[in-house]
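Visitor: Just need the whole structure built from these sequences, with the hints factored in.
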Amino acid sequence: MRSSLSDTAARVDAGLYALFSRHADRKRHDVDRDRYRGTTLSVGFETYLARLYALSWFVCVATVVALLSAGIGPSTPVFGPIATALPPASVPPEYAVLVPVALLGLLTKRGTVSVGGAYLRWRANARRVAIDRALPGAVRYLRILADGSGDRHTMVRKLAEQEAYGEINAAFERALEIEALTGSLDDGLRRVARETPSRELLSPFLLKFREHTTRSPESLREYLRTESRMLSRQRSRARRRVADYRSLLAELFVFLLVAPALVAVAATTATAAVPSFARLSPVSVPLSGPVTLHAGVAHVSAGFVLAVGAVAALLIAQLRPPDHVRAYERPTGRATLATVTTNPASAGFAFAFPAVVVAWSLWLAGASTTNVLLSGYVAYGFPVGAVAVKREQRDDARDRELHEFVHAVAGHVGRGTPFAEAVESAAEGMRFGAIRPEIEDLVFRLGLTAGGAERDARTDALDRFAADVGTPLATRTVGLVTGALEVGSDVETTFETLRSEIGSLHYGRKELHAAMRVYVVAAWIVALLLVGVALAVDVYALGELTPASGSTLPGADRTAERLYLVTQATMLGCGWFAGAASRGRYEALLHSSALVAVCYLAFAGAGLV
0 MRSSLSDTAA RVDAGLYALF SRHADRKRHD VDRDRYRGTT LSVGFETYLA
50 RLYALSWFVC VATVVALLSA GIGPSTPVFG PIATALPPAS VPPEYAVLVP
100 VALLGLLTKR GTVSVGGAYL RWRANARRVA IDRALPGAVR YLRILADGSG
150 DRHTMVRKLA EQEAYGEINA AFERALEIEA LTGSLDDGLR RVARETPSRE
200 LLSPFLLKFR EHTTRSPESL REYLRTESRM LSRQRSRARR RVADYRSLLA
250 ELFVFLLVAP ALVAVAATTA TAAVPSFARL SPVSVPLSGP VTLHAGVAHV
300 SAGFVLAVGA VAALLIAQLR PPDHVRAYER PTGRATLATV TTNPASAGFA
350 FAFPAVVVAW SLWLAGASTT NVLLSGYVAY GFPVGAVAVK REQRDDARDR
400 ELHEFVHAVA GHVGRGTPFA EAVESAAEGM RFGAIRPEIE DLVFRLGLTA
450 GGAERDARTD ALDRFAADVG TPLATRTVGL VTGALEVGSD VETTFETLRS
500 EIGSLHYGRK ELHAAMRVYV VAAWIVALLL VGVALAVDVY ALGELTPASG
550 STLPGADRTA ERLYLVTQAT MLGCGWFAGA ASRGRYEALL HSSALVAVCY
600 LAFAGAGLV
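Residue 18 in numbering that gives the first Met the number 0 sits at position 19 of the sequence shown; the count goes up by one each step and never skips.
Hint data in this document are derived by calculation from the structure and do not stem from the laboratory.
Errors might be hidden in some of the hints.
Unchecked claim - Pairwise CB distance ranges, derived in the manner of DEER restraints:
id, residue 1, residue 2, range
1, ALA396, GLY43, 31 to 37 Å
2, TRP359, GLY14, 40 to 46 Å
3, GLU439, PHE254, 51 to 57 Å
4, GLU510, ALA466, 23 to 29 Å
5, SER183, SER215, 20 to 26 Å
6, SER215, GLY43, 38 to 44 Å
7, GLY446, ARG224, 49 to 55 Å
8, PHE254, LEU102, 30 to 36 Å
9, GLY413, ARG333, 45 to 51 Å
10, GLY502, ALA603, 48 to 54 Å
11, GLY502, VAL538, 43 to 49 Å
12, LEU40, GLY14, 15 to 21 Å
13, GLY531, PHE352, 33 to 39 Å
14, TRP359, VAL114, 19 to 25 Å
Computed from a predicted model, the values in this text were never measured in an experiment.
We put the beta carbon where it would ideally sit given N, CA and C, even for glycine.
Guide: In structure tokens form, the structure reads like this:
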């Protein structure tokens, strides 16, 4: 089945290539070709453009068909003036509107092609940022390797094996692939330096690294030490710039989120208070029928708030360093249910069905569509987010103890104690809770090492220790040790660098969490204030506008429903932003679900839902 799908996709690509590949030779795509070199797309540039142009024609035709099926004609507010402005001809007016419809379709086609070029730019920029973030740590690792082995092929291979360095790992793997094809590592390094989007950092580093590897080992070590210090300073400045940008983004988010919500509240109140608004004729909307002014304002504002919250959450997530984001994989089979309380990916799979059951039960009970959807979202997002927070807290405790353990081992090694004895002394001299079993297992395995296989056994013990601890920090830092010890680097130098590396990562994560906590608090304050404003308007302002005879305003129930809809949309947007700023998408589910539940309880307590 998979083979037949692959064959079908290959035949479709071949057809699209024959139809649209000629566009790749146009000058307008020269910039796109340069951007493509900085991406890691699995298809060729001509195939990518052929798919893009095919998609653009599909969007164009779909836009034209949608406009014509929606009843667009000469009397519509948008196309009416355009159709009447056309010179008189023998073509009937109902056909004259085809001209602006076709123009709009071609505009969407051109826009689709432009979006495809912007996607290449985004991919290249994302890789550049990831490379620039990972390069300082990679250079420190190369410096350790240079102390043990001056063979550049071994150094490149060891760095390519370290998945913790992300895009740097991929760049060095690419250099090794080119070496396998051409037989020259120089060609591989030059090719990667030419293709990488990091023209200011990685490209010159690769060329200078290649040059220094042809000189003496001492020259290479000195260059790597100098480069490591320079990159660390540049990284500190980059962190300050990112912090300034995060502050600007938070201010923009708050403004864009508060503004439409307040406008919706004001507009809804005005439509209930001013009788002339109630006499306005509904506007006919394709596929939806007649819509009143205040209903349209409420729904558009709710959609805009959701879009702002989603975009702001994505942007703030992109500004988080990739080594501070934890990814979880769901195991297969029964292991999924066994890890529901410890793995957010397993929880996300397991709680989907109960959430559907909750939503369906409320639907059968006669609840409104809004509350049915929101209740299902809360039933899914809250337990999944709670599992993620519990896992993050456990991993944080493990990382704290790993940081203390590495410092203790480095201190013993620095005093000349053999590595195995240093690990045992550190384990005896400190109390460890979260990773105590893993440390005891490491001590036991290191005690079994002897003879010529000591180095391999020590490496296997450290790899097993990192896998048992199971946090990204353990994988990255312990992997640095094993790789350096395999090439014969000095143990004291390796652990001194490891102590610096793990300290930088540990305190960097704490600093990032402290900085992000401000945005979490801001999002919650904005959300709760808007709940208070909506309740005050609904209960007091609209209550004061009720006639003294006790008759209710026309559409008062609908007014409360629309205020509730906009407020809940604001809760979702604020929750997404708060969760993304805190720890990622799983915590975004927790914050948004909690805010939705708080908003419902507040409106239910006031008797409005």
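Visitor: Taking the beta carbons of SER215 and GLY43, is their distance inside 38 to 44 Å?
Guide: Given range 38 to 44 Å: holds, Cβ gap about 42 Å.
Visitor: Are GLU510 and ALA466 spaced within 23 to 29 Å by their CB atoms?
Guide: holds, 28 Å
Visitor: Taking 33 to 39 Å as the stated bounds, is the beta-carbon spacing between GLY531 and PHE352 within them?
Guide: holds, 36 Å
Visitor: Can you tell me whether the CB distance of GLY502 to VAL538 sits inside 43 to 49 Å?
Guide: violated, 54 Å
Visitor: For GLY413 and ARG333, compare the CB-CB distance with the range 45 to 51 Å and indicate the outcome.
Guide: Between GLY413 and ARG333, where Cβ atoms are some 47 Å apart, the hint holds.
Visitor: Mind checking the hinted window 20 to 26 Å against the Cβ distance between SER183 and SER215?
Guide: Holds, since SER183 and SER215 (Cβ atoms, about 21 Å apart) stay within the stated range.
Visitor: Taking 51 to 57 Å as the hint, is the beta-carbon distance of GLU439 and PHE254 inside that range?
Guide: holds, 54 Å
Visitor: Holds or violated: the 30 to 36 Å window for the beta-carbon distance between PHE254 and LEU102?
Guide: For LEU102 against PHE254, whose Cβ atoms are near 35 Å apart, the range 30 to 36 Å holds.
Visitor: Is it true that ALA396 and GLY43 lie within 31 to 37 Å of each other by Cβ?
Guide: violated, 47 Å
Visitor: Is the distance from the Cβ of TRP359 to the Cβ of GLY14 consistent with 40 to 46 Å?
Guide: Check passed, 44 Å falls within 40 to 46 Å.
Visitor: Does the Cβ-Cβ separation between LEU40 and GLY14 fall within 15 to 21 Å?
Guide: holds, 20 Å
Visitor: Taking 48 to 54 Å as the stated bounds, is the beta-carbon spacing between GLY502 and ALA603 within them?
Guide: 49 Å Cβ-Cβ, so the 48 to 54 Å window holds.
Going through the hint list in order, the structure does not satisfy hints 1, 7, 11 and 14.
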